[in-house]
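The hints should help you fit chains Y, R and C onto chain G, whose structure is shown.
There are 4 protein chains.
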Amino acid sequence: MKACVIGASGYTGRELVKLLLAHPRIELSVITSRSLAGESVEKIIPQVVGLSKDLTFSNPSIEELCQQEDLDIFFLALPHGTAASYAISLLQAGKKVIDLSADFRLNSTETYKEFYGDDHPAKELLKVAQYGLPELHSLSWEKSNLIASPGCYPTSVLVPLAPLLSSDLVSCKDIVVNSMSGISGAGRNASEKLLYCERNENASAYGLPKHRHLSEIEEQLSHFAGQQVILSFHPHLAPMNRGICTTISVPANDQTEISKIYEAWYQAYANSPFVNVLPTGSFPQVAHVVGTNRVDISAHFDTRTQRVVICSAEDNLIKGAGGQAIQSMNICEGFEETTGLL
Amino acid sequence: MKACVIGASGYTGRELVKLLLAHPRIELSVITSRSLAGESVEKIIPQVVGLSKDLTFSNPSIEELCQQEDLDIFFLALPHGTAASYAISLLQAGKKVIDLSADFRLNSTETYKEFYGDDHPAKELLKVAQYGLPELHSLSWEKSNLIASPGCYPTSVLVPLAPLLSSDLVSCKDIVVNSMSGISGAGRNASEKLLYCERNENASAYGLPKHRHLSEIEEQLSHFAGQQVILSFHPHLAPMNRGICTTISVPANDQTEISKIYEAWYQAYANSPFVNVLPTGSFPQVAHVVGTNRVDISAHFDTRTQRVVICSAEDNLIKGAGGQAIQSMNICEGFEETTGLL
Amino acid sequence: MKACVIGASGYTGRELVKLLLAHPRIELSVITSRSLAGESVEKIIPQVVGLSKDLTFSNPSIEELCQQEDLDIFFLALPHGTAASYAISLLQAGKKVIDLSADFRLNSTETYKEFYGDDHPAKELLKVAQYGLPELHSLSWEKSNLIASPGCYPTSVLVPLAPLLSSDLVSCKDIVVNSMSGISGAGRNASEKLLYCERNENASAYGLPKHRHLSEIEEQLSHFAGQQVILSFHPHLAPMNRGICTTISVPANDQTEISKIYEAWYQAYANSPFVNVLPTGSFPQVAHVVGTNRVDISAHFDTRTQRVVICSAEDNLIKGAGGQAIQSMNICEGFEETTGLL
Amino acid sequence: MKACVIGASGYTGRELVKLLLAHPRIELSVITSRSLAGESVEKIIPQVVGLSKDLTFSNPSIEELCQQEDLDIFFLALPHGTAASYAISLLQAGKKVIDLSADFRLNSTETYKEFYGDDHPAKELLKVAQYGLPELHSLSWEKSNLIASPGCYPTSVLVPLAPLLSSDLVSCKDIVVNSMSGISGAGRNASEKLLYCERNENASAYGLPKHRHLSEIEEQLSHFAGQQVILSFHPHLAPMNRGICTTISVPANDQTEISKIYEAWYQAYANSPFVNVLPTGSFPQVAHVVGTNRVDISAHFDTRTQRVVICSAEDNLIKGAGGQAIQSMNICEGFEETTGLL
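If you read the protein sequences in the order shown, they are chains G, Y, R and C. Residues in the first sequence are numbered from 1 upward in steps of one, following the numbering used here. Residues in the second sequence are numbered from 1 upward in steps of one, following the numbering used here. Residues in the third sequence are numbered from 1 upward in steps of one, following the numbering used here. Residues in the fourth sequence are numbered from 1 upward in steps of one, following the numbering used here.
Worth flagging that the hints you see were computed from the coordinates, not collected in a lab. Backbone N, C-alpha and C fix where the C-beta goes; we use that ideal spot for every residue, glycine too. The reader is advised that the hints may include incorrect statements.
[What the hints assert, rightly or not] 30 Å max Cα-Cα, derived DSBU-like pairs, lysine-lysine: (1) Lys-53/Y / Lys-260/C; (2) Lys-260/G / Lys-210/Y; (3) Lys-53/C / Lys-2/C.
[As the list claims (entries may be wrong)] Beta-carbon label-pair distances, calculated as ranges: (4) Ser-140/R / Ser-108/C: 58 to 66 Å; (5) Lys-260/G / Asp-118/R: 55 to 63 Å; (6) Thr-56/C / Ser-61/Y: 51 to 59 Å; (7) Asn-59/C / Ala-190/G: 23 to 31 Å; (8) Ile-258/G / Asp-168/Y: 30 to 38 Å; (9) Ala-190/G / Lys-113/R: 48 to 56 Å.
The following block holds chain G by itself, in its conformation from the complex:
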């Protein structure tokens, strides 16, 4: 099966290329990048030396890509806004598309406009796209050829929280989410703010109170809660390359018991190889999940405040991006879910 990665110059694209080149069931045969066209992939992504002797970055037009009959599946690692136009053409040409941008993650065109500023360029596709979080949604090419792979922050929130809201084990009001992200989450842009000396030995909040990922978190949680969820989301940058550490404070309700929470998790994730449930009193460590496709989660009941504290950790570039996209592909293609990811 032949795959193509479109737009592989950023950190997400590079990690995705690395994972796909090592994937035993996929031949990654086209890797595009406008800025890197003509460059050897092994030179630009030295982590893959030995995996792709002759591949170079190319810069074909959308039309050329659509016409390549042997290309079965396309991963879009493009900036938000750019991905949509590729997706439209590729889907029309009958291709399978997994989009790692935010372009198709929302259902609501209003929410899209509120958080992204523009009218959505392909509203009808918003309804068609599958939200590619395999732990929470059953994915299949029969449903749609378009998978919108979730954002890094949303993955770290939804995996632990969605099953609890859908079982009504905690309140869905007044939820406060704090996350720390490694610097790769801010992208590979030559900006002063992202220089080594600016972020090393530094930490800060940013983008609150209305970070774009909030829209995606709320829409998904509302789906699972069966009612509208509005919450507080506070992203931070921490001085590390990769990883997200999320701490969620959610009010208890009449049903809340720590044992029920764990029971709900064990049930929801009995067959999920990438969710690692840690005991209460134990805290997910970013260093334990970096390089893996896992989300580690734990919960703690604070009886003094009657709130539950949920902690999670993941690798923002794997479970929060490229790894999750491959996991979705594995499922849809009928491969073992963990293929290329363990």
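Showing chains Y, R and C alone in chain G's frame:
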């Protein structure tokens, strides 16, 4: 004026020694440490080379310290629990004591026992001690010869939040505080968990939901709110040497307006050289306060959730420890508040 | 084929376990550690969650290990000095042994005593052991059942330098080697010197002028030069988890030409999948090799000083330890050399 | 005394501003930057909040600067090549100039052209400028109103090595210098190569074999050796904000003894408050000198190779730049040498 630092082997003690050696109004003449007795101070704390040619660590008994008539002021940088016995004797001998441990920060003996596990060894002193946060409490040797210097986390929470609660500009229910601390906050203990390779490229929550500093935060906030405040506190470790980045989510009330919050801050801190109020939409950066005695603060009104998000940053070893202790001394001694701290 | 790792509590052991659990031709069935006996492997090494559902660390006696008939190959990740006693018994029991310690890396018992202080406990085995650097030595179980896997620093020096000395393309006098190692190279010992705050934002030389790895470097280079090589070796610690960056200054001789150096490398490593030759003027980056089993190398002719500057980079825990041990096993077992390593 | 910093947008300029604002004998009254003109200094350099309430960056012409009669001394923190034109005009206007760029560090116009590519724009000033390394050169405004402040790497090499060459205690042939610099040494340029994720967990050589600082090192060492010194210099980047760790390998000669080396250092630096001589076997640590104006040095005699290994550490932005410039000013102005630097 001659000063003594008792227990200078940890990160707090070392920073305090460095600051006191550079202080123009103080002669730091005795530095004690059981483990380092006999060692040259400049060898152990190379940052002070040139400031203290001949000082060595010593290990005198409490009695010997009490009898040194030329020693006016004692800084206790001892572990919690050990400080109290020193304080009792020194105060009886008529000495001034600034304790950087947690031993005298609380008023309530019940809260002390709840959070620290033991009965307090000198209950009467709990009532006597001044809580050494000069931005919020007026300090003076006439009130008491014992100052309990606040914890690092509490400082980062109380400075921005106390004036808002005392003016009733935000609710005092359902407050959620998330903090990231540099690794020096965990102390200088040769434990596997604090090895470079364990904390580098790592981040995690710890100690929640009942970290010991919570008791101090709640007691102080209750004082300023005029009613009992119970809140959620989530400390984290981030991979940096120093600094605390705190994000506070507090529900709005009928009075809440962003302009009033800033007005309250400007009023409360008009004469506070170490509080730096940043505009809304701007986020305090740990790197901007490391090496200073400052707290940087900003506030944001999230109208969607009707919660206010307050951000703060400080250096845990300076404003969160040694710098604040010196600031308190400066005030009580009638020195310029910023002496030795700018 | 069943393998056993003895002494898996350190950074080397953990990385080796991770690689072996992912190796498609090996079943890692026994993992020993005195201090971790009884613990779940996935709990202690969370990077392998999903790869080893039920394994626990055990602490069998040497005799018990020798008697386990289905165990074919043993990897010793023990401290120097401890490994030898295991190796002796295992070899007598007919087992294959790959020792990652320094116990069998030298040929000369005198050199061993000079650098390690004690008489070697099994002198006859020094002659028998194969030096497990597959790029330079042809390995086979027929030669011996004992492979001494090279040190991390020696690998970074020998790979680029040995072919040049054996072709007499540079001088073998007055060589000066400087290396920077990530902190994992110092081991996983709960010592104050290795605390996060001690090594972060720090760099220094250590252990010179007679670091133990020097003995191994000199003995191997002498072998390839056909004469005794004595050189200067300056190891340093740099604030990163993993990786070695080595810079070698070697005097030119009459034969020296940059093109000949590259020719020699291309010839020597034409079939070496893990040596990556970079053009002159290009500098190996630790970040490009971390996570791989590669050594990246480049050379520069400084005509002003008539010295050649050779740069190399590798992952100290993979090519410098566990990955190289597996590479040696792959070759001896007739597996593809890159199995489990790409 | 009123000072002006010209070109304060980079890391060197910012540190210099911070030091001058805290200097008790200087009033820093003008701070220029083309890109930051109009901005508040405290906003851009938050480390100085409280030290400079009202200063803003300005962008006056050279002529305007020359005409400001109350400005006594000018620090040029401009890029190489730009500084010279400012210096020429300011000197003609009778001002004192301390240039932190490389424009006046060399004596030889040929060497300048060889290493910097262009003809020097003010050759006559090359002869006039004092090389501002106070430990090695006696500085005075009577000699010249132009001080060329040394580069960061040269300082770390010259301080330990110059006294040994001038006393003929080591050979001056075949010297090999390896240095690791923190990332601030590469400047504050928004380039992809300096992004956090590119340099974190990374290390590499760069710019060898002919880094520009080599010219300065050789010219100065030749001066002290009394003969031409040509050496090998290998700069590296290590993942830390600040600091330089240098390791020098220099062949012994007939005079070489470790005790003589230390004797020479003690003699040369008896009155140098910023040189810290550590015992042999002890290694300067970057973390011990960061934030100080110190160079820490130690020496080791490797009898096997008959080479001496000299180690040094300094803060590249203080002793390697702004601190050293202030030290030179202190001396020339007759202030205590350590004023504002301890």
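Consistency of the hints with the structure:
no. : hint                              : in the structure
1   : Lys-53/Y / Lys-260/C              : 24 Å, holds
2   : Lys-260/G / Lys-210/Y             : 22 Å, holds
3   : Lys-53/C / Lys-2/C                : 17 Å, holds
4   : Ser-140/R / Ser-108/C: 58 to 66 Å : 60 Å, holds
5   : Lys-260/G / Asp-118/R: 55 to 63 Å : 60 Å, holds
6   : Thr-56/C / Ser-61/Y: 51 to 59 Å   : 56 Å, holds
7   : Asn-59/C / Ala-190/G: 23 to 31 Å  : 25 Å, holds
8   : Ile-258/G / Asp-168/Y: 30 to 38 Å : 35 Å, holds
9   : Ala-190/G / Lys-113/R: 48 to 56 Å : 55 Å, holds
Violated hints for the displayed structure: none, as all numbered hints are satisfied.
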